[in-house]
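Peer 1: Now for the letters of each chain:
Number of protein chains: 2
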Amino acid sequence: MRAVGLITEYNPFHNGHLHHLRASREAAGAEVAVAVMSGHFLQRGEPALLDKWRRAEMALRCGVDVVVELPFPFACASAPHFARGAVQCLDALGVDSLCFGSESGDLGALQRCAQLLEECGEQVAERTATLLRRGMHYAAARSQVCAELSGCDAATLPLHQPNNILGIEYLRALRATGSAMQPFTISRLGAGYHDDAVGPGNIASASGIRKRLAMGETVDELLPAPAVDVVAGARADRLFPDEDLLHRLLLAQIFRGRDYLQSLYQVESGIDARLTDAAATSRDWQALVDAVKVRQFTRTRIQRTLMYILNDVRGDLMASLLAAGPLYLRLLGSSPRGRAFLGAARKRRRLPMVTNLSRIYSQLKRTYGPRSEDYRLALAMLELDLRATRNYSLLLPGWSGVSRERDFFEAPLDIHSAI
Amino acid sequence: MRAVGLITEYNPFHNGHLHHLRASREAAGAEVAVAVMSGHFLQRGEPALLDKWRRAEMALRCGVDVVVELPFPFACASAPHFARGAVQCLDALGVDSLCFGSESGDLGALQRCAQLLEECGEQVAERTATLLRRGMHYAAARSQVCAELSGCDAATLPLHQPNNILGIEYLRALRATGSAMQPFTISRLGAGYHDDAVGPGNIASASGIRKRLAMGETVDELLPAPAVDVVAGARADRLFPDEDLLHRLLLAQIFRGRDYLQSLYQVESGIDARLTDAAATSRDWQALVDAVKVRQFTRTRIQRTLMYILNDVRGDLMASLLAAGPLYLRLLGSSPRGRAFLGAARKRRRLPMVTNLSRIYSQLKRTYGPRSEDYRLALAMLELDLRATRNYSLLLPGWSGVSRERDFFEAPLDIHSAI
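Chains as they are written, first to last, in this note's numbering: chain R, 194 to 612; chain H, 194 to 612.
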């Protein structure tokens with residue numbers, strides 16, 4: 194069974210994702226589509242619109258065959274770490290190919306950029322830093338440096354758009370990890386990431402869809418029918434994260450003091466002082482981010498730092514976890530075809546597959562040995578995932594589940610049929 | 194100018210407090226009434242219904258002459274620590290007498306109990322502990338032990354009602370600190386602390402009044418007119434603490450893990466494990482308290498422990514602060530007569546009086562010396578008070594002030610006339 198890997202957030206699953214899923218299957222000639230999907234906190238430093246089980250359900254009911262969770266340290270991380278973690282998960286699952294959407298759609302152009310960044314990494318980093326100090330934005334600076342080094346026109350390099358940038362990181366990760374997965378890219382249809390417009394085929398960006406939802410507007414025409422169901426259910430039960438709750442919980446953490454903040458990941462360059470000042474006066478989450486934003490950091494990075502603060506992510510631990518890579522594969526759900534693939538690929542799998550959290554401790558101990566550093570790190574990684582789930586529940590006004598330790602209570606979804 | 198001291202929470206100021214104020218002035222033959230009042234977190238382990246400035250305003254407009262804040266470690270503490278801290282504040286202010294309300298109204302009987310507890314402290318503690326292990330409640334156990342030791346009938350000892358118990362602690366504190374303040378007690382009129390009924394003179398308990406407010410009922414007839422104003426303003430601006438916010442903020446702290454919890458004050462005897470379990474499933478603040486409650490601890494103590502968790506109060510630090518006693522007097526407001534008293538009593542004052550927070554650091558350094566242990570403790574005590582104010586603001590749905598560091602922005606209230 195040939196399987197294509199997809200790297201996803203599905204926040205929420207929309208018509209563009211359905212197109213990507215179907216086009217990827219076709220491009221890669223794959224029978225099975227395997228998605229690695231972020232958990233409760235996302236790459237742009239935000240809580241997900243819907244919890245990970247609801248997002249997995251949307252994906253499976255729309256035709257994805259396997260959904261595996263990308264652990265917190267990689268899901269809520271810069272593009273290179275995100276890409277590396279996701280590629281490692283797919284590779285460990287025994288997936289044959291990776292197909293990602295990009296604005297460019299030109300795999301060769303993206304690969305040339307990836308190679309350039311690989312070969313001239315230090316030069317690029319140094320020169321980019323110089324341009325940043327002069328006030329240029331990150332994407333523009335890096336693009337200009339790559340243009341200089343490659344002798345191309347910066348405008349022709351696919352280094353400006355967010356999905357190209359991620360795609361290049363996937364290609365770099367494939368190379369760096371020695372993965373045998375074959376890369377494919379397909380052109381993204383419709384609106385760009387930040388665009389509020391609706392493109393042909395009723396494709397809008399996920400962020401545009403979230404904005405509409407926040408305004409109380411309907412998004413039904415922009416989502417496949419199963420996703421419409423799931424979103425409507427969560428909305429009725431008041432299970433979208435609340436920004437006012439997010440803001441208050443963040444302030445409580447920030448109020449714990451600068452010594453504490455400085456122990457956390459990426460709280461550096463005086464962010465702790467700016468956070469402390471901003472927390473005294475900020476009226477909402479966006480104002481807090483605005484107050485802390487400085488030129489040398491992207492808004493996304495500041496938001497991720499706030500998610501580390503919310504989740505009490507220590508700097509030294511996070512660095513070790515990123516270096517270790519994913520240490521388990523958490524199955525969120527599968528289709529019959531997905532289960533057949535997982536059975537067939539069992540021998541090739543290079544990380545323990547977790548389906549039942551109550552068995553994970555003995556499973557990890559058996560895999561890594563009780564005294565190994567990897568065992569210690571796997572437990573710490575798991576604790577972060579569990580904590581993310583607990584804290585996420587605090588953001589939901591209407592939460593009313595059995596336990597906020599949901600990771601122990603939710604079995605992987607078995608979906609029997611999809612659209 | 195003869196001054197009578199009152200130990201108060203004013204949560205909120207009601208007709209019973211007005212009676213206590215007037216009767217105290219008369220009993221002690223005092224021209225000036227000086228209140229030491231808890232800040233944002235109270236002896237029963239709850240956030241105050243109204244912030245400390247609003248509560249000071251009610252008191253001053255109803256005839257209190259000076260309101261000084263009882264620092265957090267004493268305000269949110271067991272009866273002996275609360276009493277000791279409050280007596281030390283009044284004594285340091287140069288107040289001549291202390292007048293407290295009690296159910297008994299019989300100073301002699303209360304003093305005999307205080308003396309017995311002083312003289313047979315160890316015996317009482319040991320025997321009480323034995324009875325607690327057998328399942329008896331604290332007040333009943335201590336009462337029975339004292340009855341045995343004194344040869345009295347337990348029913349005749351004033352050791353059951355909450356204000357008698359506090360009163361006895363005031364008397365013990367006067368004795369233990371060698372205070373020259375003369376004690377008086379007056380009978381409480383009307384309803385008991387836990388009673389929802391309304392007594393003669395439209396006197397209801399503060400907890401009964403808070404319940405009515407929580408149900409959206411009117412309490413106007415139970416409060417003096419100035420207090421009605423203040424309560425109505427806070428209600429209109431949604432500035433009562435919200436239990437759902439309190440619950441979520443507590444859960445976020447508890448989710449930080451048992452190692453963290455164990456570093457906090459009075460998180461002992463397995464409370465950390467029970468908290469961790471309860472936090473996963475509790476639906477609201479009361480359910481959280483219920484789930485953690487065990488026989489050997491009063492509900493009040495559990496609630497205080499939760500306030501320590503909310504405010505990140507370390508065990509070792511709290512013990513040092515309680516041992517040090519109050520290290521400054523924070524003036525919240527005064528009447529013209531109060532200001533005259535403060536001027537006249539200036540020479541007798543034994544702790545630095547803080548009126549402007551921006552000067553407090555140099556003031557404390559001058560008082561205690563920059564390298565002294567007391568200076569270090571005074572800074573830590575101040576940091577707790579500031580943190581309590583910041584965290585309290587997170588509990589108010591409608592908070593919209595200039596800065597959550599309100600302690601630096603609010604000058605003491607100067608009230609010119611009272612009812």
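It is possible that part of the hints are untrue.
Which copy? The list can't say, so a pair holds if one copy fits it or any two copies do.
Claimed, not checked - SDA-like mimics (lysine to any residue), calculated; alpha carbons at most 25 Å apart, straight line:
| no. | residue 1 | residue 2 |
| --- | --- | --- |
| 1 | Lys-540 | Ala-480 |
| 2 | Lys-486 | Thr-411 |
| 3 | Lys-486 | Glu-598 |
| 4 | Lys-404 | Pro-590 |
| 5 | Lys-486 | Val-595 |
| 6 | Lys-540 | Thr-474 |
| 7 | Lys-558 | Asp-452 |
| 8 | Lys-486 | Ser-593 |
| 9 | Lys-486 | Trp-592 |
| 10 | Lys-558 | Met-408 |
The hints are simulated quantities; they were obtained by calculation from the structure and are not laboratory data. Small disclaimer: the values here were computed from a predicted structure and weren't measured.
Peer 1: Work down the list of hints and note, for each, if the structure agrees.
Peer 2: Hint-by-hint comparison with the structure:
no., hint, result
1, Lys-540 <-> Ala-480, "neither (50 Å within a copy, 48 Å between copies)"
2, Lys-486 <-> Thr-411, "neither (32 Å within a copy, 46 Å between copies)"
3, Lys-486 <-> Glu-598, "between (33 Å within a copy, 21 Å between copies)"
4, Lys-404 <-> Pro-590, "both (18 Å within a copy, 24 Å between copies)"
5, Lys-486 <-> Val-595, "between (38 Å within a copy, 21 Å between copies)"
6, Lys-540 <-> Thr-474, "neither (56 Å within a copy, 39 Å between copies)"
7, Lys-558 <-> Asp-452, "between (34 Å within a copy, 22 Å between copies)"
8, Lys-486 <-> Ser-593, "between (35 Å within a copy, 22 Å between copies)"
9, Lys-486 <-> Trp-592, "between (31 Å within a copy, 24 Å between copies)"
10, Lys-558 <-> Met-408, "neither (47 Å within a copy, 53 Å between copies)"
The structure does not agree with the numbered hints 1, 2, 6, 10 stated previously, though it agrees with the rest.
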